[in-house]
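J.: Sequence:
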Amino acid sequence: MVAQERDVWVLINEKNEFLKIHSEDHNIEYLPIWPHSDFTQHHIKSSSEKLTPKCVTVPAFFTKWVPGLEGDGLKVCVFPNSDAEVWIMEPSELKSDLQEEFSNSGI
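According to my numbering, the residues represented by the sequence shown are 1 to 107, in order.
Hints were generated in silico from the structure; no laboratory data involved. Among the hints, a few may not be true.
[To be verified] As a list, the in silico BS3-like pairs of lysine-lysine whose alpha-carbon atoms are at most 27 Å apart:
1) Lys-64 to Lys-15
2) Lys-64 to Lys-20
3) Lys-15 to Lys-50
4) Lys-50 to Lys-20
5) Lys-95 to Lys-64
[Unchecked claim] Estimated spans, in silico, between C-beta atoms of each pair:
6) Phe-102 to Ser-82: 26 to 32 Å
7) Lys-45 to Glu-100: 32 to 38 Å
8) Ala-60 to Asp-25: 18 to 24 Å
9) His-42 to Met-89: 28 to 34 Å
Because the structure is a prediction, the values reported are computed rather than measured. Even glycine gets a Cβ: it sits at the ideal position worked out from N, Cα and C.
Can you make the complete structure from the sequences, with help from the hints?
T.: Dropping the structure here:
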């Protein structure tokens, strides 16, 4: 889906700060991202703070967000939903996976 839309989605609060989550189980912080704004709704409804989906183009994600996240020591959580399991990875690993997907899809 990201390969088709060329966007990822994050959540921001009223101060325009992106949502980051601390996992006490793994002692890491991560940025949840989604392939479309519709998929953010479960997280928005279950949050105690007011959150809004924000679109980040893939080129901006690659050039600005990935280096920034890595510089801050943050991971990314890909497509979290209502399931208890989440897929957490390094931002550069996600970038590499997406670049491979773009290459394979001819985009």
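J.: Now look at each hint and say whether the structure bears it out.
T.: Each hint tested on the structure:
1. Lys-64 to Lys-15: holds (20 Å)
2. Lys-64 to Lys-20: holds (17 Å)
3. Lys-15 to Lys-50: holds (10 Å)
4. Lys-50 to Lys-20: Satisfied, since the Cα-Cα distance of roughly 14 Å is no more than 27 Å.
5. Lys-95 to Lys-64: holds (12 Å)
6. Phe-102 to Ser-82: 26 to 32 Å: holds (29 Å)
7. Lys-45 to Glu-100: 32 to 38 Å: Holds - the Cβ-Cβ distance for Lys-45 and Glu-100, about 33 Å, lies within 32 to 38 Å.
8. Ala-60 to Asp-25: 18 to 24 Å: violated (31 Å)
9. His-42 to Met-89: 28 to 34 Å: violated (21 Å)
Violated hints, in rising order: 8 and 9; the structure is consistent with all others.
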